[in-house]
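Spelled out, the chains give:
Number of protein chains: 2
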Amino acid sequence: MKFSKLYAPTTKENPKDAVLPSHIFLTRAGFIEQIGSGLYNFLPLGKMVLEKIKTIVKEEMDKAGAQELNLSFITPSDLWKESGRYSVFGKELLRFKDRKENEFVLGPTHEEAILSLVKNKITSYKQLPLHLYQIGLKFRDEARPRFGLLRCREFLMKDGYSFHSNEEDLQREFDLMYKTYSQIFTRLGFDFRVVNADSGAIGGSGSKEFMVLTDNGEDDILTCQNCTYAANIEVAKRAKKECKDERPEANYASRFHTPNVRSIEELADFFKINKFYTIKAIVKKAIYENESKFIVFFIRGCDELQEVKALNAANALELQDANEEELIKIGLCPGFIGFVGLKDIEFYIDQELENEKQMIIGANEKDYHLVGIDVVNLNKNRFKDLVAVKEGDCCIECGAKLKKSKGIEVGHIFKLGQKYSKAMNANFLDENGKAQAFYMGCYGIGVSRLVAVAIEASYDDKGCIWNKILSPFDLNIIISNMKDEKIVAYANNLYENLKKEGIKVLLDDRNERFGVKINDFELMGFPYALVIGKNFEENKLEFIQRKDLKKEVIDTNRVLEFIKKTVL
Amino acid sequence: MKFSKLYAPTTKENPKDAVLPSHIFLTRAGFIEQIGSGLYNFLPLGKMVLEKIKTIVKEEMDKAGAQELNLSFITPSDLWKESGRYSVFGKELLRFKDRKENEFVLGPTHEEAILSLVKNKITSYKQLPLHLYQIGLKFRDEARPRFGLLRCREFLMKDGYSFHSNEEDLQREFDLMYKTYSQIFTRLGFDFRVVNADSGAIGGSGSKEFMVLTDNGEDDILTCQNCTYAANIEVAKRAKKECKDERPEANYASRFHTPNVRSIEELADFFKINKFYTIKAIVKKAIYENESKFIVFFIRGCDELQEVKALNAANALELQDANEEELIKIGLCPGFIGFVGLKDIEFYIDQELENEKQMIIGANEKDYHLVGIDVVNLNKNRFKDLVAVKEGDCCIECGAKLKKSKGIEVGHIFKLGQKYSKAMNANFLDENGKAQAFYMGCYGIGVSRLVAVAIEASYDDKGCIWNKILSPFDLNIIISNMKDEKIVAYANNLYENLKKEGIKVLLDDRNERFGVKINDFELMGFPYALVIGKNFEENKLEFIQRKDLKKEVIDTNRVLEFIKKTVL
Chain Z
1 MKFSKLYAPT
11 TKENPKDAVL
21 PSHIFLTRAG
31 FIEQIGSGLY
41 NFLPLGKMVL
51 EKIKTIVKEE
61 MDKAGAQELN
71 LSFITPSDLW
81 KESGRYSVFG
91 KELLRFKDRK
101 ENEFVLGPTH
111 EEAILSLVKN
121 KITSYKQLPL
131 HLYQIGLKFR
141 DEARPRFGLL
151 RCREFLMKDG
161 YSFHSNEEDL
171 QREFDLMYKT
181 YSQIFTRLGF
191 DFRVVNADSG
201 AIGGSGSKEF
211 MVLTDNGEDD
221 ILTCQNCTYA
231 ANIEVAKRAK
241 KECKDERPEA
251 NYASRFHTPN
261 VRSIEELADF
271 FKINKFYTIK
281 AIVKKAIYEN
291 ESKFIVFFIR
301 GCDELQEVKA
311 LNAANALELQ
321 DANEEELIKI
331 GLCPGFIGFV
341 GLKDIEFYID
351 QELENEKQMI
361 IGANEKDYHL
371 VGIDVVNLNK
381 NRFKDLVAVK
391 EGDCCIECGA
401 KLKKSKGIEV
411 GHIFKLGQKY
421 SKAMNANFLD
431 ENGKAQAFYM
441 GCYGIGVSRL
451 VAVAIEASYD
461 DKGCIWNKIL
471 SPFDLNIIIS
481 NMKDEKIVAY
491 ANNLYENLKK
501 EGIKVLLDDR
511 NERFGVKIND
521 FELMGFPYAL
531 VIGKNFEENK
541 LEFIQRKDLK
551 KEVIDTNRVL
561 EFIKKTVL
Chain U
1 MKFSKLYAPT
11 TKENPKDAVL
21 PSHIFLTRAG
31 FIEQIGSGLY
41 NFLPLGKMVL
51 EKIKTIVKEE
61 MDKAGAQELN
71 LSFITPSDLW
81 KESGRYSVFG
91 KELLRFKDRK
101 ENEFVLGPTH
111 EEAILSLVKN
121 KITSYKQLPL
131 HLYQIGLKFR
141 DEARPRFGLL
151 RCREFLMKDG
161 YSFHSNEEDL
171 QREFDLMYKT
181 YSQIFTRLGF
191 DFRVVNADSG
201 AIGGSGSKEF
211 MVLTDNGEDD
221 ILTCQNCTYA
231 ANIEVAKRAK
241 KECKDERPEA
251 NYASRFHTPN
261 VRSIEELADF
271 FKINKFYTIK
281 AIVKKAIYEN
291 ESKFIVFFIR
301 GCDELQEVKA
311 LNAANALELQ
321 DANEEELIKI
331 GLCPGFIGFV
341 GLKDIEFYID
351 QELENEKQMI
361 IGANEKDYHL
371 VGIDVVNLNK
381 NRFKDLVAVK
391 EGDCCIECGA
401 KLKKSKGIEV
411 GHIFKLGQKY
421 SKAMNANFLD
431 ENGKAQAFYM
441 GCYGIGVSRL
451 VAVAIEASYD
461 DKGCIWNKIL
471 SPFDLNIIIS
481 NMKDEKIVAY
491 ANNLYENLKK
501 EGIKVLLDDR
511 NERFGVKIND
521 FELMGFPYAL
531 VIGKNFEENK
541 LEFIQRKDLK
551 KEVIDTNRVL
561 EFIKKTVL
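Heads up: the protein sequence lines correspond to chains Z and U, in order. For the first sequence, the UniProt record's numbering gives the first residue as 1, with consecutive numbering after it. For the second sequence, the UniProt record's numbering gives the first residue as 1, with consecutive numbering after it.
For the record, the hints were derived by calculation from the structure and aren't laboratory data. All values derive from a computational prediction rather than experimental measurement. A virtual CB, placed ideally from N, CA and C, is assigned to each residue, including glycine. It is possible that part of the hints are untrue.
[Claimed, not checked] Keeping only pairs whose Cα atoms sit at most 16 angstroms apart, straight-line, the calculated EDC-like set for lysine to aspartate or glutamate is: (1) U/K5 / Z/D62; (2) U/K100 / Z/E92; (3) U/K126 / Z/D509.
[Unchecked claim] So these bits of chain Z aren't anywhere near chain U, every CB distance computed over 12 angstroms: (4) G30; (5) G65; (6) K100; (7) T123; (8) C227; (9) I233; (10) E304; (11) G502; (12) R510.
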């Protein structure tokens, strides 16, 4: 394609509020443009990348035996009411009414829609398994759309849904999707990890996330240095933490005057013990569909509360911070909260504290702590996994050290089990003629997000660095001086010859200065450039690798062969 | 593909409220499924057809030099307010608010969005022309969604927008799109006509519709039997109508007592004249953005009012029928309305009545008509093209007879001129450094609608009849008896061999009776079937053409060659 015809408006100015390289460079290089909060247009270059991603996703999904379809983006609310998610999905679910006051949602995911589709159509175990997928629009009304394509509101997703007659067959498909997704992200050229994950609003009995490792990732993931264990920090487990420091000795439940000792640091200092032997309390306001209540979470003083784990323990829609006033109102003493005074208050304790002895904890009384507390004789249900696993903690599988990295979620596969099929009464007849709810899996890839992920994984301070698989063009030919007829003629001729060889060339034939053209090449980031410039008289051309900006002088007589060998 | 794996739930029951073959058969054959009013899922077979259509559309658009992009489906309302269409587009424009109470619309078309995109990016005539297009979702909140995919609410559209520095260049692109669209619809295998059309809510200085001829078309089109003139009835013109019958003689404006003569038929009978010499009045309530008013339209007694022409004459958003009570209230006498008593009422007269003499018209007085009325001395602006052209009327270009057909609109190309660019202040600098608003064109194809159009154009009482271009499969191999191992083995072997030849085969390997399989073949309508049945022992197979259900016996030893020759 000739650059003079390409619609790719480049700019030197960063988009406002942009902090991530992908947001900045994709916008500046004319791949995407924001049209509203969390709403993006894909310009021709962005669209080309998107199509390449879609093709690879489709090829691998088809190879795995899934069938492509398109579900209506606009979904009647009734389906969401049937599954129960209409009320619990929160404000991300955009609800609206049509001209006849009927209620609809903009589909943020399509479990309900797909179940309504197969219900009463798939009636026998003989018709199973079945895997249907689409690559289509989604909308999630994010509270704070940001990071360009990484957290936008309208986006393109590959969502697949599978149906099975039993748990084992669901597991087989889940494993197949694990392989299929791995193949997709490998083909796309990404460095990724598969991690255990929280199932969030989708739910189900187990899920894995595919994370591309990047410095700017939104997610923290923990990976074992020794074995294959890897997990999102939201669900990461660890071998039970131990401490070699001395345990504080004391009689059972001695009450100590600890004036102004409110923080865990102060407490450990005061008693000259390791924070490991203290218990801290975090109080949250838990929001449910029709009510809210305060919940206290107890963890070791040396640990941090993992919010998603706490949310799941509380089985709430949302957790909000509680302020001191609120604490006092329910009879808690800020800075000194402990097991005392919790009669009417729900509380959970981190599972590692079960049966722990001789601990120090607040007395729920100003300037007093209790020493020598044993965490025993409590209901099993009180104990939950609540702590945020840290780098350096030990692997639950093998005991080796865990390493923390930043990742961006690009895929997520779920074993839904019968969650939705039971709610929506979607049954089939099994081998014994008995009605059973479908076993379901669902599998998502954030297709439009991948365009940004590719750049987060590969950029420098000048702009994008596309890999060969995703780059819209294989080669950028730069005509240094449009007034030099010989150079122009040569470049056009070479361009035509390369096109015939199946090489996708962008010929920069714009009436622009050489500096502008080189800057645009570096900003747009196609893998290679060939400059036809001042040494052309001596039959010399300059070949540039975008990745490291390494330059090489090529003789005109071997240029065709060299390019064919290098760029494809 | 093996039928046992394909998700294509067929049914014998017609979808409720379905009247059109495409709606009935596409649903019954498992190509599409309705999920709500005017909302459809495309199942795997429907999706395959859709993809074939998209590919052809994309190939031809790219060949014409247009560049593909994707505009955000959700569009900020501000853009629509800027163009002025937010208030005038009517209820088809679905408006909603997000969680922050910001206003958006579901894009029914994207003139505003594309202008906002290129504005301040395309700043010089040197960057023109430019043509950008997308194949994306649209939503129009139809008052009465019906006819399956033909009048649904969420649909897939190819919409392209071109930008030019002058009228001539716009005309050049318009002509190019005329050719491109003709090529697309030819490749898709449609019998179509290009007709003059009303520009509707899109507006602009001229437009052409592409109509596929079908018995069940929503549109009436008139085509000259002699020359190339063709037009949608909404805008069709004719040579001025003439009448050889005698003109009624009378003194100027004689008042005649015509008791109970209210209809044009009764009037013509009463005076024993041709209806051509009478004038009838149709009163409509015209709805505007902030007001409504009654308007009287006068046409010959032998003609019918064309509603779209009347709407354009009134420049209103909508025309509603006026009832007798309303007429009386504004001083009109139902059944006897004429030019008398219109002092404060807006009225228009069909242009063919200009300077007409000795006409008969109501006296606006019960049981009285005026005879010998001359339609003279009226302001030019009163005269508009108002009548519905009929079959048998004469062509405005050559005078030959016009023929009426039914058509379905599949494409529409518009010369928008500067309508939107002026409203949105989208300018470029011309050769003289002067700011000018872009000259725009826009070009639409109803992509998902084409799936239905293909069936409206080709079906019989048993089901769909796909042409080779759009059919999801080239051949349907039917195993008559799954218990006959020899037949099953032979069929599987043939299936594998044909796949290697690049033939798309659906192998019906379901444990179903032969009758069910044949019925499904006829309902789904792939071009050919090969039955491996009872004569297989004698090395005979049965080959069926779906189009005419013609059967042919094929020897197994020549089957591969025969199929390769026939189906591709």
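Decide if the proposed pair is consistent with the structure: U/K100 and Z/E92, CA atoms, cutoff 16 angstroms inclusive.
Judged against 16 angstroms, a Cα distance of about 11 angstroms means the pair holds.
At 12 angstroms, judged by beta carbons, does Z/G502 keep clear of chain U as stated?
holds (16 angstroms)
At 12 angstroms, judged by beta carbons, does Z/R510 keep clear of chain U as stated?
Nearest chain U Cβ is 10 angstroms from Z/R510, so the label is violated.
Could you check that no beta carbon of chain U comes within 12 angstroms of the beta carbon of Z/G30?
Z/G30 not clear of chain U: closest Cβ-Cβ about 8 angstroms, inside 12 angstroms.
Satisfaction of hint between Z/D509 and U/K126, Cα-Cα up to 16 angstroms:
holds (13 angstroms)
For Z/K100, which was marked as not at the interface, is the minimum beta-carbon distance to chain U over 12 angstroms?
violated (8 angstroms)
Can we trust that Z/G65 is non-interface, i.e. its beta-carbon lies farther than 12 angstroms from all of chain U?
violated (7 angstroms)
Would you say Z/C227 is clear of chain U, with no C-beta pair closer than or equal to 12 angstroms?
holds (38 angstroms)
Claimed clearance of chain U by Z/I233, with the beta carbon kept past 12 angstroms
holds (27 angstroms)
Need the status of pair U/K5, Z/D62: alpha-carbon distance at most 16 angstroms?
holds (12 angstroms)
Is the Cβ of Z/E304 farther than 12 angstroms from every Cβ of chain U?
Consistent with the label, Z/E304 stays out of reach of chain U, its closest Cβ about 30 angstroms off (over 12 angstroms).
Per the stated criterion, does the least C-beta distance between Z/T123 and chain U lie above 12 angstroms, as a non-interface residue requires?
violated (10 angstroms)
Hints 4, 5, 6, 7, 12, counting from the list given before, are not met by this structure.
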